[in-house]
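A.B. asks: Here the protein sequences come in this chain order: S and H. Residue numbering for the first sequence follows my numbering, beginning at 1 and increasing consecutively. Residue numbering for the second sequence follows my numbering, beginning at 1 and increasing consecutively.
Treat the hints with caution; some may be incorrect.
[Unchecked claim] Selected chain H positions facing chain S (Cβ under 10 Å, derived; list incomplete):
id	residue
1	Q14
2	L117
3	A121
4	A124
5	A126
6	T137
7	T144
8	E146
9	I149
10	K153
11	V154
12	A155
13	L179
14	A181
15	A184
16	G185
[As the list claims (entries may be wrong)] Computed footprint of chain S on chain H, listed as stretches where at least three residues anywhere in the stretch have a Cβ under 8 Å from a Cβ of chain S:
id	stretch
17	79-86
18	103-115
Hints were generated in silico from the structure; no laboratory data involved. Note that the coordinates shown come from a computational prediction; the quantities given were computed from them, not determined experimentally. For glycine and all other residues, C-beta sits at the position ideal for the given N, C-alpha and C.
Protein chains: 2
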Amino acid sequence: MGRWEPNARGRLEQAALELYGERGFEQTTVAEIAKRAGLTERTFFRHFADKREVLFAASGQLEDLLVRTVIEAPDSTAPIDAVAAALEAGGAALYHERARKRHTVIVANAELRERELVKLASLASALAEALRRRGVTDLAAQLTAEAGIAAFKVAFEHWVNEPDEKDLPQLIRESFDELKAVTAGK
Amino acid sequence: MGRWEPNARGRLEQAALELYGERGFEQTTVAEIAKRAGLTERTFFRHFADKREVLFAASGQLEDLLVRTVIEAPDSTAPIDAVAAALEAGGAALYHERARKRHTVIVANAELRERELVKLASLASALAEALRRRGVTDLAAQLTAEAGIAAFKVAFEHWVNEPDEKDLPQLIRESFDELKAVTAGK
Numbered sequence: 001m002g003r004w005e006p007n008a009r010g011r012l013e014q015a016a017l018e019l020y021g022e023r024g025f026e027q028t029t030v031a032e033i034a035k036r037a038g039l040t041e042r043t044f045f046r047h048f049a050d051k052r053e054v055l056f057a058a059s060g061q062l063e064d065l066l067v068r069t070v071i072e073a074p075d076s077t078a079p080i081d082a083v084a085a086a087l088e089a090g091g092a093a094l095y096h097e098r099a100r101k102r103h104t105v106i107v108a109n110a111e112l113r114e115r116e117l118v119k120l121a122s123l124a125s126a127l128a129e130a131l132r133r134r135g136v137t138d139l140a141a142q143l144t145a146e147a148g149i150a151a152f153k154v155a156f157e158h159w160v161n162e163p164d165e166k167d168l169p170q171l172i173r174e175s176f177d178e179l180k181a182v183t184a185g186k
Numbered sequence: 001m002g003r004w005e006p007n008a009r010g011r012l013e014q015a016a017l018e019l020y021g022e023r024g025f026e027q028t029t030v031a032e033i034a035k036r037a038g039l040t041e042r043t044f045f046r047h048f049a050d051k052r053e054v055l056f057a058a059s060g061q062l063e064d065l066l067v068r069t070v071i072e073a074p075d076s077t078a079p080i081d082a083v084a085a086a087l088e089a090g091g092a093a094l095y096h097e098r099a100r101k102r103h104t105v106i107v108a109n110a111e112l113r114e115r116e117l118v119k120l121a122s123l124a125s126a127l128a129e130a131l132r133r134r135g136v137t138d139l140a141a142q143l144t145a146e147a148g149i150a151a152f153k154v155a156f157e158h159w160v161n162e163p164d165e166k167d168l169p170q171l172i173r174e175s176f177d178e179l180k181a182v183t184a185g186k
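Construct all of the structure, not just a fragment, from the sequences and the given hints.
C.D. replies: Have a look at this one:
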């Protein structure tokens, strides 16, 4: 095997998700992931710190996308709609079978579920900071970001649990509409 | 020391919070907590499974209070207002110096912060279930509960970080008002 391995990262992710699904996260070793991907353990560790990191490595990119979308929204856009647009863009980026498989692995493991909650809390903080940079007050920024993440989380869980019913960005839009309705006392 | 120790549980909680604040959570042992409370380790373990449990044991009572308040709200109360009333009642129960000390200990430790997020997620699930029992649809119940917990979390953090400014139930009311304003696109 040569030093240049095309799409090593993607192949490792794919292999890891397959094995986590087949055997469970705890039972899978890095050696097995590398073998399934046709790569070495050394290559694995060039891309990921450990087997947990395979599941969470993409959240930095997602955060960048959310922050950029909020900051670039037109000045006239209400904060809640800037956050909705950002999470819809995030949903469009996540809208593939791999995200669904990843979620199935995460819900099956308490430690991974905790980690996922931490990542969601960190996305909410990043969104709040982006809103403050738009001049939104601290309290409004925090509430908009946290409520937005709540809408995203609920939509994502529905999408995972009801395959092929609706696409994720559409579910996110509906979730924000419902959020607006329930907070209006409907 | 006799077998009957008045308010052993409260004394252990008090001693634990003092020590966690003075030395840090990791550096404190159960033996030290028992000693500070003037009790034995055996008594400690009659009340708590481990030193982490001291910080989270009350969350079952809080959950019961929230669920009961939602279920007992008048039929005419909008779901979001039933949740606000529940969390205000929860805030009134938590509105004492011990809750503030507890929070300071938790934010200083990554593992405890994760645990706290799990407890908040579990409170949101319990609130959503209580709303479904009131006949609220699944999606509306989840969004109302998650958005409500977001409002509570933001209010609680403000209360912890700005001592003596406002009382917690008042901050929770203001947080819900702000939540309604931001989701209305203001």
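A.B. asks: Would you mind marking each hint as holding or not holding in the structure?
C.D. replies: Okay, the hints, checked on the actual structure:
Hint on Q14 of chain H is violated. Least Cβ distance to chain S is approximately 28 Å, over the 10 Å limit. Taken as an interface hint, L117 of chain H checks out: its beta carbon lies about 4 Å from the nearest beta carbon of chain S, inside 10 Å. Annotation: A121 of chain H was flagged as interfacial toward chain S, and the flag holds, the nearest CB pair being 6 Å apart, inside 10 Å. A distance limit of 10 Å between C-beta atoms decides the matter here; for A124 of chain H the minimum to chain S is near 8 Å, and the interface restraint holds.
A hinted interface residue such as A126 of chain H counts as satisfied when its beta carbon comes closer than 10 Å to some beta carbon of chain S; here the least separation is about 15 Å, so the hint is violated. A least Cβ separation of about 9 Å between T137 of chain H and chain S falls short of the 10 Å threshold, and the interface hint therefore holds. Hint on T144 of chain H holds. Least Cβ distance to chain S is approximately 5 Å, under the 10 Å limit. Here the hint on E146 of chain H is kept, as its CB sits about 3 Å from the closest CB of chain S, short of 10 Å.
The interface hint given for I149 of chain H is met, as the beta carbon of that residue sits about 8 Å from the closest beta carbon of chain S, less than 10 Å. The interface hint given for K153 of chain H holds, since its Cβ lies 7 Å from the closest Cβ of chain S, which is under the 10 Å cut-off. The beta carbon of V154 of chain H comes within 5 Å of a beta carbon in chain S, closer than 10 Å, and the hint placing it at the interface holds. For A155 of chain H, the shortest C-beta to C-beta distance to chain S is roughly 9 Å, which falls under 10 Å, so the interface hint holds.
The restraint placing L179 of chain H at the interface with chain S holds, with a minimum CB-CB distance near 5 Å, inside the 10 Å limit. Because the beta carbon of A181 of chain H sits about 7 Å from the nearest beta carbon in chain S, less than 10 Å, this interface hint is met. A hinted interface residue such as A184 of chain H counts as satisfied when its beta carbon comes closer than 10 Å to some beta carbon of chain S; here the least separation is about 7 Å, so the hint holds. Proximity of G185 of chain H to chain S holds as hinted, the smallest CB-CB distance being about 4 Å (cut-off 10 Å).
Only residues whose C-beta sits within less than 8 Å of a C-beta in chain S count toward coverage, and the stretch 79-86 of chain H has 3 of them, enough to reach three; the restraint holds. Evaluation of the coverage hint for the stretch 103-115 of chain H: fulfilled, as 3 residues show C-beta separations to chain S shorter than 8 Å, against a requirement of three.
Hints 1 and 5, counting from the list given before, are not met by this structure.
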